[in-house]
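Colleague: These protein sequence lines are chains A, B and C, in that order. Mapping the first sequence onto numbering that gives the first Met the number 0, position 120 (from 1) lands on 119, and the numbers just tick up by one. Mapping the second sequence onto numbering that gives the first Met the number 0, position 51 (from 1) lands on 50, and the numbers just tick up by one. Mapping the third sequence onto numbering that gives the first Met the number 0, position 256 (from 1) lands on 255, and the numbers just tick up by one.
Heads up, none of these hints are tricks.
Okay, derived cross-link-like pairs now, DSBU-like style, lysine-lysine, Cα gap no bigger than 30 angstroms in a straight line:
(1) Lys194/A / Lys276/C
(2) Lys14/A / Lys26/A
(3) Lys168/C / Lys117/C
(4) Lys276/A / Lys424/B
(5) Lys26/C / Lys272/B
(6) Lys117/B / Lys117/C
If you are wondering where the hints come from, they were derived from the structure by calculation, not from laboratory data.
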Amino acid sequence: MDANGGVQVELELHKILIMAFTFANMKYTPLLVFQILLMVLYFIFVKYGGEDDHNIRGFEDTHVMIFIGFGFLMTFLKKYSYSALGFNWFLAALVIQWALLCQSFYHMKDNTIYVTKKLLLEADIMSATVLITFGAVLGVASGLQLLFIAIIETAVGCFNFWLVADVFKAADVGGSIAIHAFGAYFGLGVSLALKGKKTKSETAENVVDLNGPSYISDVTAMIGSIFLWIYWPSFNSALTNSNSEYQRAVVNTYLSLAAATVTTFVMSSALSKHHGKLDMVHVQNSTLAGGVAVGSVCNMFIGAGTAVAIGIGAGLLSVLGYQYLTPLLTRLGIGDTCGVNNLHGMPGVFSGILTAVFASLATKEEYGTDLTGVFEAMNEEGMARTAGDQALNQFLSLIVTLAVSFVGGTITGFLARAPFLEPLKDNEEYNDEINWELP
Amino acid sequence: MDANGGVQVELELHKILIMAFTFANMKYTPLLVFQILLMVLYFIFVKYGGEDDHNIRGFEDTHVMIFIGFGFLMTFLKKYSYSALGFNWFLAALVIQWALLCQSFYHMKDNTIYVTKKLLLEADIMSATVLITFGAVLGVASGLQLLFIAIIETAVGCFNFWLVADVFKAADVGGSIAIHAFGAYFGLGVSLALKGKKTKSETAENVVDLNGPSYISDVTAMIGSIFLWIYWPSFNSALTNSNSEYQRAVVNTYLSLAAATVTTFVMSSALSKHHGKLDMVHVQNSTLAGGVAVGSVCNMFIGAGTAVAIGIGAGLLSVLGYQYLTPLLTRLGIGDTCGVNNLHGMPGVFSGILTAVFASLATKEEYGTDLTGVFEAMNEEGMARTAGDQALNQFLSLIVTLAVSFVGGTITGFLARAPFLEPLKDNEEYNDEINWELP
Amino acid sequence: MDANGGVQVELELHKILIMAFTFANMKYTPLLVFQILLMVLYFIFVKYGGEDDHNIRGFEDTHVMIFIGFGFLMTFLKKYSYSALGFNWFLAALVIQWALLCQSFYHMKDNTIYVTKKLLLEADIMSATVLITFGAVLGVASGLQLLFIAIIETAVGCFNFWLVADVFKAADVGGSIAIHAFGAYFGLGVSLALKGKKTKSETAENVVDLNGPSYISDVTAMIGSIFLWIYWPSFNSALTNSNSEYQRAVVNTYLSLAAATVTTFVMSSALSKHHGKLDMVHVQNSTLAGGVAVGSVCNMFIGAGTAVAIGIGAGLLSVLGYQYLTPLLTRLGIGDTCGVNNLHGMPGVFSGILTAVFASLATKEEYGTDLTGVFEAMNEEGMARTAGDQALNQFLSLIVTLAVSFVGGTITGFLARAPFLEPLKDNEEYNDEINWELP
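Chain A extracted, bound-state conformation (with noise of 0.2 angstroms):
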């Protein structure tokens, strides 16, 4: 090797060390870090399960409602479709890794976790948590805080299920509790949190200009609402036991989401300030509502026109409350730029009050062997619930599930504000730029 070698191997040596010193500065860094530590995690913890729920039903459309769902649902707004569909795929890659974990210790066998089917499509639910949350604080949260939010969020979600489905025994087959409202209400905590003491008013100059949609940004997140209400039979029916069950679950779900599109329609045209004209933000996001509603009874025998009226109620509940109540909460410091708590959080609410009433009613003569599908500790040994016991944890499950979730999100995004996660200046909200090479 000559001395035009030596002086050339040592640049390149020079630029390798820069390149090493700056990727450790990076700002995503720290993820990478935290990738390693999950296959360490993965490769001491985790085993291939045998055979068991390999066919499970729902994984691949639930999958689809994760990643194109609400990844698109969230490119509405006009210059934030980059960052929206992103962050969507960058935090749920992330969080199903985790929550497959975080979801498993509480059932661990020998220190080991048996993966299925099954745990991918429960790791898959959990994510839609951290995706709701996400909603409340789109655009003004920056890429570090969502991902240090995510990983809290999805232990704490995780471990709030575990109360709602091992303590209380809840019913509360699609998720509207356990995953809809947590990830609402610890979304608006986060929210409010976050935001701080920053007023409206300071804001509201550059927010004018980018917070709301352009024509063809409403025509892409209607790719994410659409294929949302297509597979959300599909995903209320996916962790049903028996196959009347099951059919019963996506009957419900499709007749509820049937009557709160009519619904949302129709009432957005009413609440119309300019001749009956509808509204996107409703037509995206009201429509899904009875899905949401229908989702932690739709298993039960609620029969099938209660399936409707619970469609028509979550319609109106939701368009009333895109129209009267977000910006209300607005200016009183909780943002919600998706309004997840129309579309997740009262409709959450409201299916956890219907798990109360309908458990309240089961009995074994009308559910037969689905009884113990559907309310686990209804069985007909000597410690069996009544099913006013079930109503009652019905009950507290949701109470403690809104507890959890709004403190925890509080708590979080308080910790979020730690200037090394880079919090948005007002002047960066809602914009693709300062994440994103852009055309």
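Keeping the supplied structure of chain A fixed, place chains B and C upon it in accordance with the hints.
Modeller: Frame of chain A, contents of chains B and C only:
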């Protein structure tokens, strides 16, 4: 409560009264009444079915076709994407609830409808008739007109479906007769009656502007077109009775679609006036004609080569229709915005004729146990139909469908001209502005 | 018939002759001839298979990947979305018909191909090779060149597939060797030969304009990218033989994709020159490299931690490839518009090497009855291969694939320079204008 409080209550009551009054006068309020009527009918007549058909094939894929497929295909107009997506959703959500009742009306037991996942699938399929009709008058019918037409068409379509399936006992597994041809000629009837005495020249000036695509609207339309294409094998095979019948339906539809697609590209280029350039209208629509043309015969023993031949024929027929027939019909007063005659109408008639041909060739030797699965009335009992009788019934079911749909559509279109359905003025056509709050 | 009538008939005949003459000269007419030839071959050779494989897993999901996934992923260029979607569809619709014959040619019984749903799936999978190659020359090959290349590549690809599967009996369940690496290096071969003596400097000026995305084209590309990502577990697991093998394939692919996604975001930001901004090219493509890299080993007992590790490695490899290797190859005359080398090529080679490693570690104790499902030639009979022999054959199948694909691609690309295939001039590249009627 002090005086101030009393005044405030009064003010609130006043507000509520105004809101109630306004609401009663809003244009979509009759739809809410209809939605509540549907709820009542579901309470009275609908119960959960047993486990039968809980695992019906093709439901989710068909669901994607109805809501994503039809919805996005119709976004091709530059300034009508919100209406295409919104009304497609509104109409289908209403119709699936209504069609489930109308279809089941002919098969009630003890005045009860036992709802299963299969009934949901059939409701989805029936809603396609309304969406095809929507395509014929896309941009020229008002929202209220569309909703009025949808409610009537569903009832007439279910009656015609009963004629085809239960009276003529015709084979129509993919619905090319009772769904595609029905929807298309109902739509052309509506279009003829709706336009009334308007002449082309009167409207020409403003239509030039909005009755066409933009670069991006043609891309979003491809989302719909390709999803329709992808899931068409699932659609055509969803209601097959045996595994071998199912597999034949999938194979034939797949091959016919592929051949139609190749033929469409070749023909589109060949008929171009600009150096063989391709036309997006053909690509978005004629590619799908292969699915319609093979639809009613796809579960028969037609042979793989014949499936390819049918696809080639469908592509030819459809592109030629777009190029020469649609402009002619428009001049005759039968506008057809999406060219549903070329995608659903003529290929549907083609498929209907093919059913008569292949029914006349059907033998017990070739079909084995599938014979009565494909041709219900050709069972082995004493009263079984001959192949010739079956062919005649196939032909009659086609003729009756054409008559019922076109006459029904024309009458419905005429009724839809009533002023309270707010017919569009010429300068309101193809324009989201009148229906939507635009950004 | 009077004289006028005679004149009219003559005029009509004249028109038809002109049309026939024009048609015979149109550019895609040879494709219609090929389509008719395919029809004849289907009439002669293809019959319906029995019920076997009628319920094959993953067909519909793979179908979405081929037509929506690949199609929309390639819409990222600002002025080439119609061509990306249109040619993707045209090519795949042609190739699936052709591949079904070419693949089955090696397994005919009594000169007959018995078509089943499984054969449709395999035809879909083979068409991916052509679409990957399309990605390498996106915007720089004419429509006729693409169609010529597709027909040749399919035949060569099926031959190579036969070598891998039937001669070397290599494990390649997700096709990372015979589909991804093959398609990528065939594409680079085509790209090298197609460009010929053109130098970068000649073309630089106009290319700057169109060889890049717009804000909305990057959003539509995400539709393709995310659907590919979502259904990759279905793709990799579609051809597994047992339920436990299937579940392993799904789990490993899911974990590898998730880890690759997180890694891609981190690396994209780390390598950015602008304060850690993310690059859509990486996000749309390198996220998927995890699916390719784990593809050929996903049904083996690699362990969940290893699946995560493979994903991390794939993300690293792919982003580094986009950043440093693609510009270098372009300067060497091997253009690669979509960077297929970084998404399909190198991750495919990575996966091929992994197959040799994991084959060498395979034991009857660990695999149980899955051993011969995964490694066909390692059965228990006297002539069974040892793990070492299997590893060697895995390695050979990779080497042979690389050689056949690159040499085959280079020859095909050279032949595709024939003038009658209408090669593009420099100023016609990356432009829908020459192929499409634009609004």
